[in-house]
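Going down the list, the sequences are from chains Z and A. Sequential numbering from 1 applies to the first sequence in UniProt numbering. Sequential numbering from 1 applies to the second sequence in UniProt numbering.
The hints are simulated quantities; they were obtained by calculation from the structure and are not laboratory data. Quick caveat, the model's predicted, so the values are computed rather than measured. Some clues are possibly wrong.
It does not matter which identical chain is used: a pair holds within one copy or between any two.
As the list claims (entries may be wrong) - In silico EDC-like cross-links for lysine to aspartate or glutamate, where the CA-CA straight-line distance does not exceed 16 Å:
| hint | residue 1 | residue 2 |
| --- | --- | --- |
| 1 | LYS418 | GLU372 |
| 2 | LYS17 | GLU264 |
| 3 | LYS418 | GLU381 |
| 4 | LYS89 | ASP237 |
| 5 | LYS22 | GLU359 |
| 6 | LYS174 | GLU352 |
| 7 | LYS89 | GLU381 |
| 8 | LYS165 | GLU201 |
There are 2 protein chains.
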Amino acid sequence: MNRLWIENGTFVTMNEKAPVIKGHMVVENDRIIYLDEEPPNPLPEGAERLDGRGLLFMPGLINTHGHAAMSLLRGYSDDQNLQVWLEQKMWPMEGKYIDADTRWGTSLAVIEMLKSGTTTFVDMYDRMNIVAEVVEQSGIRGVLTRGVIGLCPSDVQTAKLEEAKSFARDWNGKADGRITTMMSPHAPYTCPPDYIERIIEAAHELNVPLHTHMSETAAEVQQNVNDYGCRPVEHLDKLGFFSRPSFVAHAVHLHDEEIALLAEKNVGVSHNPASNLKLASGIARVPDLIRAGVTVSLGTDSAASNNNLDLFDEIRLAALIHKGITGDPTVVPAYEALKLGTLNGARTVWQETQLGSLEVGKKADFIAIDTEQPHFYPQTEMVSHLVYAGSGRDVKHVWINGRQVVSGGECLLLDEAKIRAEAQQCFERLLER
Amino acid sequence: MNRLWIENGTFVTMNEKAPVIKGHMVVENDRIIYLDEEPPNPLPEGAERLDGRGLLFMPGLINTHGHAAMSLLRGYSDDQNLQVWLEQKMWPMEGKYIDADTRWGTSLAVIEMLKSGTTTFVDMYDRMNIVAEVVEQSGIRGVLTRGVIGLCPSDVQTAKLEEAKSFARDWNGKADGRITTMMSPHAPYTCPPDYIERIIEAAHELNVPLHTHMSETAAEVQQNVNDYGCRPVEHLDKLGFFSRPSFVAHAVHLHDEEIALLAEKNVGVSHNPASNLKLASGIARVPDLIRAGVTVSLGTDSAASNNNLDLFDEIRLAALIHKGITGDPTVVPAYEALKLGTLNGARTVWQETQLGSLEVGKKADFIAIDTEQPHFYPQTEMVSHLVYAGSGRDVKHVWINGRQVVSGGECLLLDEAKIRAEAQQCFERLLER
């Protein structure tokens, strides 16, 4: 039995009943078993002790949308619009990917996420067996899905669907439960309606949730109207997408009725502010979504459109941009922004009973921030400091499922230097291929 | 004679003729005397040698608007509108400031700026002698001004003006030339027109430039129209403000004619995106300002409205938000954004012949970034990586005026732990006072 006793730490719990606790936390195996101002009594026998002074402990961050392997394409196509970026730059390069590219691109993304405090990430890509292997080895938690594009002959559609189903079936619950799976049509504009229906049917059959890109750009919404006579939310609803647990990425361009329908159907929204700004897709109506009761969480999208995977950046952007856009400085206050990156992330991936806050009985997925830095002083409103001044580089230690995976800023289970070198070589070979 | 020879480094120069150089740089005393792909020939005698591998060298960042001492009020008033924040929270607390608060608040800000790669900062505050002493000691470069608010009896106005003049006269060119000074009415809405005229007259007399807050909120613009029958740009122009070298902070709410006038009068704009978003003031028309030929630079504003002083954050925000707002992903591309934080900062404070780029003959104000991190891989478009993935926490070493002031992330000339502790105590005493 493994026990860890953190003494004299500051805990930002994201539990509204006790948001900040200065005191003690005990972890036993993969669970938090104690969290209180007073030291545990009796003292936990045989526990490793950690001096928590100068550290702030909080739930690990949850990144609800991304494509990890695309980190090889970081900086490959900047300052261009989404369709050029996607169709002329990303897809041709991705078409040349081999297994090694997925492996080292994903590994590069995983070390960046772990070191910056992300303990759970959603990944939609292909060659997902490789992604799952990286998740298994790295100690991170993954919500994984083979995203399928249906703009292809029906035999290819079928092959992709079968691959996605096999992956979802084979890997669900694996890696000590750290991996869960979903089914994903890439987007309404890249999947014909009948193909989306087959994917939904497969999700029913496998009893897994659904994820997709939706309403990222005004152009794709207009195309949906032209092609199918309705906007994407109504379109997906008619196809039965929301009959299953589901969440969508982006959701930038929404009408009031669409927001109401997402709330009614309990559909989560992964807000990707940096990617949406960088590709000039627009700015999601986050305050309206929150007001309507939609579960909003945060995603980085890929490093090819962001271009980093530090979720603290998304938390700060979410807290800042909606104030500037709406003219209301009270929207998305600091605590709400931090919730988007933690508890709401857990809700989005249906794991809020296990993840997203520091509470007795929950999984021990948590991070330690080095607060002995000028930007955390004066040490008063620590939630505000995390949101408006914090960064993934402030993360010192990371635990997932009770196991320490980052110590002193270094990944314990992965060879960072090797991954950086392999990723560099993969990119250079992609250029030559 | 002090010489430093950096071998085998990557230099992002911000000199358009040679934007990236992989090679060698030699510093002699306070100047860059060599920068080339080839090693210097003859080799610089008696030079300290630095292995540049794994490091990226670039000009130090220039923060063109802030109030350093307000870092004591970081997190003291979040998620509120500017007038409440300013009049009900900031001014009452600032009214209780004593010398120690200015000293330790400024010191806290300076260590945060130095560690995150800012080598020159603009500061508008009071008790400026203390600020200047901190600048002198810390090794940073400061463009300092005693900002005056004129909403007070005329004898108090006169006393403040005399204090501002004395400061500007006494400290200009001090600290080995690292300090320059300006005169500053706080804002058109806090200074009666005749008081602004007296300040302008003093600037003429002392031959120093002018700085002010301008058009930060729609409300203050409207008040200007109500009180003086014109908008702030025209108002300041009529008062003769632009007859001297000058730059303004914020400039969020501008009409086309105002942008044209700022360009014509060669008035710089310090764009403060995080502060403007956080206080919901709005979003400056940066692409239009740049297109019109206005020199746009970046400021953090104070840690009470940001809430950090990492200029990399402002660089990234400047690159991201204007794309999202305009719907044009090509505006403020990565190189332009980095220029706002470096060369344009130097232009704004009239020091572009000395600062803002790595060039032979310029002052040796530069920083070294640790690029052996996942978010800088693959190592391809380093300017893009700096802007879209970089952070002040990636800064390893800092040199100002040829002198190393940060090494391995630690300030060499200031006692960081003492400053953090003193700042904490100052804030706690402010609450009690």
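Each hint tested on the structure:
For the identical chains of this complex, LYS418 and GLU372 are inter-copy neighbours only, at 11 Å across copies versus 31 Å inside a copy, given an alpha-carbon limit of 16 Å. For the identical chains of this complex, LYS17 and GLU264 are neighbours neither inside a copy (27 Å) nor across copies (58 Å), given an alpha-carbon limit of 16 Å. Taking CA atoms no more than 16 Å apart as the test, LYS418 paired with GLU381 passes in neither setting, with 39 Å inside one copy and 21 Å between copies. When the C-alpha separation of LYS89 and ASP237 is checked against a cutoff of 16 Å, the pair qualifies neither within a copy, at 32 Å, nor between copies, at 48 Å.
Proximity of LYS22 to GLU359 under the C-alpha cut-off of 16 Å is restricted to the intra-copy arrangement: shortest distance 14 Å within a copy versus 51 Å between copies. Within a single copy, LYS174 and GLU352 get their C-alpha atoms no closer than 19 Å, and across copies no closer than 59 Å, so neither meets the 16 Å cut-off. Taking identical chains as interchangeable, the C-alpha atoms of LYS89 and GLU381 lie at most 16 Å apart only when they sit on different chains, with a minimum of 15 Å there against 44 Å within one chain. In this homomeric assembly, LYS165 and GLU201 come within 16 Å of each other (Cα to Cα) only inside a single copy, at 11 Å, whereas the closest approach across copies is 77 Å.
Hint compliance for this structure: hints 2, 3, 4, 6 are not met, and every other hint is.
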